[in-house]
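K.L.:
My request is simple: use the sequences and hints to build the entire structure.
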Amino acid sequence: MNRRRFLAAGLAFPIVTPGHRFDFPRDHGAHQDYRQEWWYVTGWLKTARGEDLGFQVTFFRTRPALENSNPSTFTPRQVILAHAALSEPRHGRLRHDERAARTALGLAGSREGTTKVWVDDWSLELGADGYETRIRARDFTLELKFDSKSAPTLQGQSGFSRKGNGPGEASYYYSRPQLAVRGTANGQPVTGTAWLDHEWSSQYMAAGATGWDWCGINLDDGGALMAFRMRDKESKTAFAPPGVSFEVLREWKSPRTGTNYPVAMMVNNELRLEPLMDDQELDARASTGTIYWEGAVRAFRGDRQVGRGYLELTGYWRPMKL
Amino acid sequence: MLRLFAVFNARIFFQKGRILLSVAAIALGVALGFAVHLINRAAVNELAAGVRTLAGEADLEVRGGRSGFPEQLYAQLARLPGVAVASPVLEVEAGILGGTRTIRLIGVDPLRAGLMQPVLFADAPDRRLELLRPDVVLLSAAAAEVLGKGTIEKLSVVSALAAVDLDVVGVLPASSLRGVAALTDISTAQWRLGRLGELNRVDLRLEPGIDREAMQRTIAELLPPGTYVSSLDAVEESGANLSRAYRVNLNVLALVALFTGGFLVFSAQALEVARRRQEHALLRVLGLERGGVMRLVLVEASALGLLGGVLGIALGYGIAVAAASAGGADLGAGFFRGIAPQVEFPVAGSVAFLLGGIAVALAGALLPALDAARAAPAQALKAGDEQRMFGRVVTVWPGVLCIFLALALLPLKPLHGIPVAGYAAIALLLLGGIFLMPLVSELTLGKIKTNRNIPCTLALSQLRGAPGQAMVSLAAIVASFSLMVAMAIMVASFRSSVDDWLGAVLPAELYFRTTHAGETAWLDPALEAQVRALPQVERAVFLRSTRITLDPARPAVALIARDGAGQHFPLVGKSYQRKSDDPPAAWISEAVADIYGFAVGSRMEVPISGKKQSFVVAGIWRDYARQHGAIMVERSTYAALSGDRRANDAALWLKPGASVAAATQALRALPGGGLLEISGPGEIRSASLAIFDRSFAVTYALEAVAVIVGLFGLSSSVGAIVLARRREFGVLRHLGMTRRQIGAMLAAEGGLLAVLGVAAGLVLGGAISLILIHVVNRQSFNWSMDLHPPFGLLLGLSLLLIILSSFTAFLSGREATGIGPVRAVREDW
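Going down the list, the sequences are from chains S and G.
Taking the numbering used here, I'd label the letters of the first sequence as residues 1 to 322.
Taking the numbering used here, I'd label the letters of the second sequence as residues 323 to 1151.
Since the hints were derived computationally from the structure, they do not count as laboratory data.
Watch out, some of these pointers could steer you wrong.
[Claimed, not checked] Derived DEER-like restraints, expressed as beta-carbon distance ranges:
1) Gly106/S to Arg876/G: 32 to 42 Å
2) Gly106/S to Lys896/G: 35 to 45 Å
3) Leu402/G to Glu234/S: 42 to 52 Å
4) Ala444/G to Lys321/S: 43 to 53 Å
5) Gly106/S to Ile474/G: 13 to 23 Å
6) Val742/G to Thr257/S: 37 to 47 Å
[As the list claims (entries may be wrong)] Part of the chain G face toward chain S, derived, beta carbon under 7 Å:
7) Ala397
8) Ala400
9) Leu402
10) Leu433
11) Gly436
12) Pro447
13) Asp448
14) Leu454
15) Pro456
16) Ile508
17) Gln512
18) Trp513
19) Arg900
20) Thr959
We put the CB at the ideal spot given by N, CA and C, even for glycine.
P.N.:
Here is the structure:
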């Protein structure tokens, strides 16, 4: 019954195809016809006392696959979700919070034309002098500015990033590595380096995929490395771009959910990723309905640290559903 | 003490029958009181738990009346600094298609509600997203049970005059959602129920450290008239307030049985003390102090009270559990319909009722104990001295004092909506009346001329000679009979007032309405025009009813907009002639006048569609249908102020020659006519009276128990008095009286006693019924009523009591004279 309704809904989601010509700043803005979209900012911060912190700010936009002629303001045509997390080794575990709201009465929304996405008093916005985000979470606050001088890096084939072998199993995807960060975390001044991903798609996961591993590393030499793979239910690689590989070095078991996460990985047989701290599990059941691991990592070549970034491990708790 | 108990134990086996009766009376009284208390408590707890689960972690709640407030207010509240989470709600009582049942349809934003009430989706977070789909609902466990477990795929509710089908996608556990309810998305609720742009509740959670009261004041300033912000505690409390007067009344009624039980203890103990006068005197001679005798009697009584109390608690708990599992917590008035409560065993409450049982037993035994202690041992040891005890007329002043106090209490205002003074006045009146009984009997019996009929003359002189005894045996009779009379008069007056009222409010020939349950159905103006154009219809009056809040601490008031509002309903008191510069007229029900203090001619402000509108009170009318009050205004005025042109009910007058059947058929043929409920005034009247009787069923049952306890008291005290006079009968037999003559004498005595008791009961009961009608009911429910005593019923009850009394006396006499005159007199030694 449910399924028929879904099929009968016949909502036309645009299909992601190769050859899209990116046009900025328009493509910084939302693409509201697509099924999902996200702006993903991760990075390392240093406090005035020299402590290392990791942070993550993510805004998701989804367009539910529901045909609906309901004229109500509350009709859920677009839903904005947001996750924010702060990794502080002193604290021992990830502090995180989440928001979710439909775009009704201006309490949440996303703009086309430039980056502006918000849910309640959380926001991410691209202005004349860079990105700015404000997060007032349950047990931390972030007010950060990101310098966006460098041009966006188009991922995959000129921004067409394949996620599976089937047609349409892909996303439009660009990154902005090496963003200079300044601002405050919990009211304390911080500086650092961040990474922004903006990705939109109508079919992000192939039928057999249950999750993905992703990392975005700002290298100390000014370079950047992004790698991802889609996994199947045996935790094997279901799809990865050519040359990309992930090898598990060490697992950590969450005391809360009992889930095992491969928190240390060898990427592309060259970079060894070690977490800032093991417990960076994020419980987002109240917004996106899932639990995943998203953590600050150091990148080593041999024994030498060559960069810092973020590692994302989804679908380990339960198969990921978007 | 040990010695006292030894003596007491010996007595227990001796007078088993009367003790059992006293214990049973107390047990019954305690059981009824405790059971009613348990059921009400369970229902109120369940209601509060429902409020709490639904409100979750909310600190404040913003509520509009039934018509709600614009949804923009929600956005404004959500953006307020200091508000952590705001969750919009549109909650309505929806009529279920094809029946009279309703379901609470709660439209929420699951993404917000999930934050405010984590328990809603605790077991399955995915359901939040599932609920975003159009036209789906999640049922509560109770709703699934009512609608048919496991099989239900669709929930069909009535909106306007059409059915709305909602797909059932799951059932929430009872811990998530209580009562008969369904959860749906706010957009579905707004659209499908024709309430686009409206909400009627916003739950707010504040950021930690925010001053809740300051925030409440800030929010209050933002709200349109008729919308209020309150803390969750206040919301819970007002839920309990809704039914408080009703619950207290029921509790008091249940305690009447205990009260009558107290009089039974009094009668039994007084007779017991009289019978054991020599025994007590002997104990005194053997060295027991004066206070010792009194303690002996009181310890015996408290043991009876304890025994009765323990039995009563057990019985009451059993009754409560059985009643709750059989019929839910609703004891008839409909406050707790659809609630399946868990009956708990409250330790404090049970101790209170146990102590109550003991206290009643002690109070009943106090006067006899004092009497026993007062007797001079040397005198009391002599045979026949027990009659001396009854020979003394108890002083008049306590009775007079009680009655004066009762009168003084009458004008007092209710305490928190409970007519405490009224109840106290009834108890005092009853006590005073009983204290005055010896005097009354002396005066009355003194007036009766003796004739040549020997049994009658003897009976009369016996009663004249022992007025104290009359008081003792009459106490239980007068107490229970006067309460019986009072209740009978009150209920009959109420019922015939309701009957008259129904006649006055149902003047038309045909009535129809949308489904008579729920708030989701309405008649649109197009249908109204079609009805008016029907060839059978001479005249049609349409009515729109909604609910508004005048005071957030009180339940909502009905706002009724009617065509021709000033006509055809029962005004009480004078009416006000509207002047040209007056605002529009409003007619208010007695409850509104009483609770909010409006008088005829005064101005009142009524929130309509978020604006305060001025009205002048043109009259006060009687309304038995809406306990929390109703305000009636002209429909055209209401429509102009609110823009709401919908209607809920209509009354039709037919053209000469048009039949009701033809009109009904024509209505049915209109679009949506199949969903109309069409009835004649007769059907509505009998249905309403059936509801009335159902809500009084528990009252009748409790009253019947009190009567039975009273009758027990009657037969036991008459029997005891007769048995105590065996020696006297022996002497009479020696003087030449036959057993038949003695029997006749006793029957006459019993009859005379009962006539006295009945007369006193009628007078006292009549007075109490006036208090019930004009003070207790008025203050509890704000209903006035006309006095309609049920003369036939009262006559029948009186005769029954007199006959029963004579018959008991006669039977006891036969038993008492059965032992033969010689042995009877020998006992004198």
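K.L.:
So, against the hints stated earlier in the document, which numbers end up violated here?
P.N.:
2, 4, 5, 6, 9, 19, 20
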